[in-house]
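Undergrad: Below, each chain spelled out in residue letters.
Protein chains: 2
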Amino acid sequence: MNTNGTNGTHRPAAHGTHAAAGRALVANWQTLQQVFIRPENEAVRATLVKYMEQILFGLHDFLRDHVGITEAKSLIKLSERFQDSLIHEHPRRKLAEVIQGIIEDLAPYAVNVASPYFVGHMTSAIPFFMVHLQTIVAALNQNLVKLETSKVFSIHERQVLAKLHRRIFRRSAGFYRHHIQHPESTLGCFVEDGTLANLTALWVARNRCFPPTEDFDGVESEGMAAALAAHNTRRAVVLVSRMGHYSLRKAGGVLGIGNRNVLAIDTDDGYRIDVTALQRVIRELTGAGSDTRVIAVVGIAGTTETGSVDDLTAIGDICRRHGIHFHVDAAWGGPTLMSERYAGLLKGIQTADSVTIDGHKQFYMPMGCGMVYFRDPRAMDAVAYHAAYVNRPGSVDLGIKSLVGSRAANSLILGGALDIMGAGGYAVLIDHGIETARIFAETIRTRSVFELITPPVLNIITYRICPPEWQRRLSSADKRTRRRLTSELNRINTAVQRLQREAGNSFVSRTTLVSPDGLKTVVLRAVIMNPMTDARILSAILDEQASIFEVWQAA
Amino acid sequence: MNTNGTNGTHRPAAHGTHAAAGRALVANWQTLQQVFIRPENEAVRATLVKYMEQILFGLHDFLRDHVGITEAKSLIKLSERFQDSLIHEHPRRKLAEVIQGIIEDLAPYAVNVASPYFVGHMTSAIPFFMVHLQTIVAALNQNLVKLETSKVFSIHERQVLAKLHRRIFRRSAGFYRHHIQHPESTLGCFVEDGTLANLTALWVARNRCFPPTEDFDGVESEGMAAALAAHNTRRAVVLVSRMGHYSLRKAGGVLGIGNRNVLAIDTDDGYRIDVTALQRVIRELTGAGSDTRVIAVVGIAGTTETGSVDDLTAIGDICRRHGIHFHVDAAWGGPTLMSERYAGLLKGIQTADSVTIDGHKQFYMPMGCGMVYFRDPRAMDAVAYHAAYVNRPGSVDLGIKSLVGSRAANSLILGGALDIMGAGGYAVLIDHGIETARIFAETIRTRSVFELITPPVLNIITYRICPPEWQRRLSSADKRTRRRLTSELNRINTAVQRLQREAGNSFVSRTTLVSPDGLKTVVLRAVIMNPMTDARILSAILDEQASIFEVWQAA
Numbered sequence: 050m051n052t053n054g055t056n057g058t059h060r061p062a063a064h065g066t067h068a069a070a071g072r073a074l075v076a077n078w079q080t081l082q083q084v085f086i087r088p089e090n091e092a093v094r095a096t097l098v099k100y101m102e103q104i105l106f107g108l109h110d111f112l113r114d115h116v117g118i119t120e121a122k123s124l125i126k127l128s129e130r131f132q133d134s135l136i137h138e139h140p141r142r143k144l145a146e147v148i149q150g151i152i153e154d155l156a157p158y159a160v161n162v163a164s165p166y167f168v169g170h171m172t173s174a175i176p177f178f179m180v181h182l183q184t185i186v187a188a189l190n191q192n193l194v195k196l197e198t199s200k201v202f203s204i205h206e207r208q209v210l211a212k213l214h215r216r217i218f219r220r221s222a223g224f225y226r227h228h229i230q231h232p233e234s235t236l237g238c239f240v241e242d243g244t245l246a247n248l249t250a251l252w253v254a255r256n257r258c259f260p261p262t263e264d265f266d267g268v269e270s271e272g273m274a275a276a277l278a279a280h281n282t283r284r285a286v287v288l289v290s291r292m293g294h295y296s297l298r299k300a301g302g303v304l305g306i307g308n309r310n311v312l313a314i315d316t317d318d319g320y321r322i323d324v325t326a327l328q329r330v331i332r333e334l335t336g337a338g339s340d341t342r343v344i345a346v347v348g349i350a351g352t353t354e355t356g357s358v359d360d361l362t363a364i365g366d367i368c369r370r371h372g373i374h375f376h377v378d379a380a381w382g383g384p385t386l387m388s389e390r391y392a393g394l395l396k397g398i399q400t401a402d403s404v405t406i407d408g409h410k411q412f413y414m415p416m417g418c419g420m421v422y423f424r425d426p427r428a429m430d431a432v433a434y435h436a437a438y439v440n441r442p443g444s445v446d447l448g449i450k451s452l453v454g455s456r457a458a459n460s461l462i463l464g465g466a467l468d469i470m471g472a473g474g475y476a477v478l479i480d481h482g483i484e485t486a487r488i489f490a491e492t493i494r495t496r497s498v499f500e501l502i503t504p505p506v507l508n509i510i511t512y513r514i515c516p517p518e519w520q521r522r523l524s525s526a527d528k529r530t531r532r533r534l535t536s537e538l539n540r541i542n543t544a545v546q547r548l549q550r551e552a553g554n555s556f557v558s559r560t561t562l563v564s565p566d567g568l569k570t571v572v573l574r575a576v577i578m579n580p581m582t583d584a585r586i587l588s589a590i591l592d593e594q595a596s597i598f599e600v601w602q603a604a
Numbered sequence: 050m051n052t053n054g055t056n057g058t059h060r061p062a063a064h065g066t067h068a069a070a071g072r073a074l075v076a077n078w079q080t081l082q083q084v085f086i087r088p089e090n091e092a093v094r095a096t097l098v099k100y101m102e103q104i105l106f107g108l109h110d111f112l113r114d115h116v117g118i119t120e121a122k123s124l125i126k127l128s129e130r131f132q133d134s135l136i137h138e139h140p141r142r143k144l145a146e147v148i149q150g151i152i153e154d155l156a157p158y159a160v161n162v163a164s165p166y167f168v169g170h171m172t173s174a175i176p177f178f179m180v181h182l183q184t185i186v187a188a189l190n191q192n193l194v195k196l197e198t199s200k201v202f203s204i205h206e207r208q209v210l211a212k213l214h215r216r217i218f219r220r221s222a223g224f225y226r227h228h229i230q231h232p233e234s235t236l237g238c239f240v241e242d243g244t245l246a247n248l249t250a251l252w253v254a255r256n257r258c259f260p261p262t263e264d265f266d267g268v269e270s271e272g273m274a275a276a277l278a279a280h281n282t283r284r285a286v287v288l289v290s291r292m293g294h295y296s297l298r299k300a301g302g303v304l305g306i307g308n309r310n311v312l313a314i315d316t317d318d319g320y321r322i323d324v325t326a327l328q329r330v331i332r333e334l335t336g337a338g339s340d341t342r343v344i345a346v347v348g349i350a351g352t353t354e355t356g357s358v359d360d361l362t363a364i365g366d367i368c369r370r371h372g373i374h375f376h377v378d379a380a381w382g383g384p385t386l387m388s389e390r391y392a393g394l395l396k397g398i399q400t401a402d403s404v405t406i407d408g409h410k411q412f413y414m415p416m417g418c419g420m421v422y423f424r425d426p427r428a429m430d431a432v433a434y435h436a437a438y439v440n441r442p443g444s445v446d447l448g449i450k451s452l453v454g455s456r457a458a459n460s461l462i463l464g465g466a467l468d469i470m471g472a473g474g475y476a477v478l479i480d481h482g483i484e485t486a487r488i489f490a491e492t493i494r495t496r497s498v499f500e501l502i503t504p505p506v507l508n509i510i511t512y513r514i515c516p517p518e519w520q521r522r523l524s525s526a527d528k529r530t531r532r533r534l535t536s537e538l539n540r541i542n543t544a545v546q547r548l549q550r551e552a553g554n555s556f557v558s559r560t561t562l563v564s565p566d567g568l569k570t571v572v573l574r575a576v577i578m579n580p581m582t583d584a585r586i587l588s589a590i591l592d593e594q595a596s597i598f599e600v601w602q603a604a
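As they're listed, the protein sequences go chains A and B. Per my numbering, the first sequence starts with residue 50, numbered consecutively. Per my numbering, the second sequence starts with residue 50, numbered consecutively.
Think of the hints as simulated: they come from the structure by calculation, not from any bench. One or more of the hints may lead you astray.
For chains that are exact copies, the list does not tell them apart, and a pair is met inside one copy or across any two.
Stated by the list, open to error - Heads up, simulated SDA-like pairs for lysine to any residue below, C-alpha to C-alpha not over 25 Å straight-line: (1) 126 <-> 445; (2) 396 <-> 260; (3) 528 <-> 541.
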């Protein structure tokens with residue numbers, strides 16, 4: 050079909066016959082009402098469906114050709130077209146024109162995250178049915194903050210939460226029978242993203258670390274300063290490896306703990322937390338005469354930069370021994386639990402007190418679906434809030450224990466997806482990502498211009514351009530020379546990544562890793578989650594990088 | 050058309066011919082891939098469109114008859130059907146069946162927030178085009194955390210933010226020309242809801258109240274305890290009227306300030322903050338030898354319970370004099386600024402330092418669109434975070450200054466809606482709500498069995514059942530008798546509200562107001578935002594309440 054969207058079935062006439070999209074959309078009261086009522090006649094319905102068709106396929110046709118990250122200059126030029134700060138008094142466009150405008154003026158400058166050549170970030174193609182499920186959520190417009198605006202969807206959400214909880218913590222069937230719909234139990238909650246999931250987990254951990262005592266009403270009520278004083282403590286800290294996501298530092302800042310008190314523990318050569326170092330730090334912090342409390346230790350199941358997985362069993366042991374809250378940030382790696390073959394990579398996750406998982410990452414949901422789960426169904430009691438007009442104590446209103454108030458029924462999307470995909474369907478995706486990443490690592494090893502930096506544990510891989518003569522010089526260089534060479538290589542890799550991004554055919558991200566010897570190394574980072582990304586495509590991406598490097602070198 | 054959705058055009062065969070919905074959805078790798086790729090042939094496309102048709106109209110047909118809040122017993126019965134905590138290995142349903150299941154098994158037990166008889170909460174019908182716009186957001190699946198996953202949508206979002214900012218703060222055209230696309234300026238940000246918007250505002254206010262000094266790195270870095278010590282302070286507080294939303298107390302708890310330090314200021318007889326009391330409290334707290342800092346004063350533009358609007362001009366003056374951050378919680382009332390006729394009700398809002406507005410309330414967007422705006426485009430510098438793999442300093446990545454990380458392009462929905470509706474279209478809705486609420490108040494005044502408690506300022510009204518003989522007895526009673534009578538009336542109103550809710554024809558919420566003389570009064574609360582809710586419907590709701598009361602009284 051025609052791909053420019055200017056004719057054919059995918060462009061309903063802007064001047065349709067339906068009031069919801071026709072001439073006089075909002076000019077007066079009568080037409081306004083019509084956009085709110087259920088369209089009763091078939092002609093009106095047909096028009097609304099046409100728009101959906103235009104959305105479903107018109108957008109995709111436009112996204113076909115380019116990955117779509119362009120150079121800074123073009124961004125500045127683009128921004129010159131978005132300078133209008135006035136809300137106009139009268140309607141300016143009808144729905145059909147708005148859709149058309151998005152397809153023609155915005156989509157071409159969007160990022161084609163659905164492209165199999167877009168392997169730079171944790172955002173990817175999503176299955177078609179996800180768009181349908183999201184549409185259902187919008188059409189129903191339930192508000193999960195309370196039963197009175199969600200009813201069955203609150204009950205349904207509890208079931209979805211129990212399913213994930215069981216996959217993570219594997220507690221007994223009886224446990225779930227008791228808690229799945231028990232008004233006082235909270236197995237987890239939905240938030241917008243992993244940042245807020247981590248924040249929620251540390252909020253709960255902070256409050257459980259500084260609970261009410263005889264003459265202290267708890268940190269939630271009295272604040273951090275009073276909490277430290279009441280518990281004879283000078284400082285409260287959170288421990289995580291130096292590969293921890295920046296949302297953890299942010300959570301420390303937000304929660305009044307102070308982000309400098311989110312302490313970075315060294316990692317081993319696999320970018321996993323150094324368990325011995327962790328133990329030593331805990332001993333130093335909490336030894337005799339200590340003035341420090343450890344609110345939580347965070348283990349990572351899939352670091353953002355390298356996909357490494359901490360030794361969760363070991364961290365769990367340490368936390369249990371010291372009575373410290375153990376949080377696992379599995380925003381990325383969590384869905385690995387769906388794969389029989391690779392669930393073992395997250396061994397020990399069931400010993401966590403809380404776990405973050407992002408639905409919009411490897412559950413392939415649309416944006417905006419973070420989740421946090423708690424082993425103890427009463428853990429979230431530490432953050433309960435009530436209000437007179439809603440959320441009365443004893444009700445099952447989900448907003449009682451939740452960072453956020455009003456929110457959509459995203460659980461409906463996840464619940465639907467679990468039915469449609471099965472654990473097995475997700476396993477196929479997970480296995481493909483991990484196994485394709487392994488093949489990619491082998492390919493990199495065979496291509497002399499590249500150096501593999503971190504082999505994949507899950508489905509993230511880092512590497513860099515480092516031709517054989519550089520590798521030779523590096524291996525025999527003293528520390529100062531190594532630093533100089535690394536710095537030059539950093540410049541090369543930064544340039545190649547930028548040029549590839551600007552060419553717009555494919556996208557690999559870059560980040561800076563601090564290697565065990567303290568050198569800051571710029572690496573290229575590939576995240577293999579799109580099922581259409583295969584070895585051939587990844588080779589083509591390497592080819593492009595190699596040839597950009599050649600041209601750059603010659604210049 | 051047939052309303053049970055079991056035949057006709059709105060039920061595509063569950064066993065369709067398309068892999069995205071057909072027989073072997075996820076059983077193997079080949080079929081799985083097909084749910085990710087763009088459907089290239091017309092038959093497949095037609096099937097996907099059919100599902101959209103089913104969603105758009107099938108759902109609505111099922112929601113036609115009932116408002117849908119039922120008694121607790123039926124909820125328990127309903128919850129017995131959601132007891133499955135297992136994720137099944139194999140796919141259990143195809144998309145068509147999932148949609149059908151939602152229509153048949155869930156939607157009938159949803160709450161029909163779109164009904165004009167549902168006037169109990171701030172969730173209502175949304176225009177049809179909102180569902181389309183939400184679908185576009187899902188189909189594009191951009192992630193606004195960074196340019197590399199959103200590009201033009203980050204730039205577009207800045208334009209939408211500037212439009213709202215200008216409507217609130219009315220700064221000069223030159224101001225917006227300079228800041229609208231300036232990488233270092235942040236006019237506001239999108240969050241999931243008003244709770245997170247208020248949290249963001251107070252987070253910024255807290256950090257600006259305790260900035261870095263010579264030997265102190267700022268509260269974000271060092272935490273609340275160190276901040277108080279460094280600034281020679283014993284306590285930090287936030288002031289808001291006792292009508293403040295509970296999210297403000299929650300924000301105090303989350304931020305380490307302590308929710309008991311969110312102090313409730315008395316209100317006048319219109320449930321507005323008592324400005325004299327506010328001044329007195331500030332003087333007492335910050336006078337000579339003070340050990341307390343006021344982080345922020347919050348003014349409310351539309352209290353949740355009564356829709357009252359604080360005297361924002363007066364609060365603004367006080368805050369400026371004392372150098373205190375002035376936040377306005379306009380989650381509900383903000384869109385009143387779209388109405389030429391009633392924008393004056395929010396007089397003084399332009400003097401705020403920050404303002405919360407909810408898109409999913411009176412901008413009639415789907416759930417999940419809170420916003421917070423800052424007068425000073427550099428205010429959010431106080432909460433900036435960077436990460437190596439993303440959000441490098443100096444970039445325009447929107448995730449640098451934001452509570453949340455990954456998030457959807459909800460600004461696309463608001464931007465589209467502003468084009469389609471114009472300020473004028475929203476004004477029609479706002480004016481209808483306010484004017485219908487006023488008519489409703491008059492109706493209540495003419496019906497002797499009811500007593501108007503708070504006349505509408507915006508479009509929220511509270512009243513109660515209080516027959517003439519009770520009103521007479523109350524007016525001549527001593528305090529003890531008044532308490533007893535009030536308590537009986539509370540019981541009556543609680544019962545009537547519950548019985549009406551359970552009957553399922555209409556829904557009015559209830560809350561408890563503390564009257565100026567300290568009595569806790571249960572009131573019925575109506576929120577008039579659905580344009581289909583008119584005087585006739587509101588009269589019918591009163592009729593139903595009166596007849597429920599009669600039956601209850603006779604029993």
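Undergrad: Decide, hint by hint, whether the structure agrees.
TA: Verification of the supplied hints:
| no. | hint | verdict |
| --- | --- | --- |
| 1 | 126 <-> 445 | between (51 Å within a copy, 14 Å between copies) |
| 2 | 396 <-> 260 | neither (31 Å within a copy, 43 Å between copies) |
| 3 | 528 <-> 541 | within (20 Å within a copy, 82 Å between copies) |
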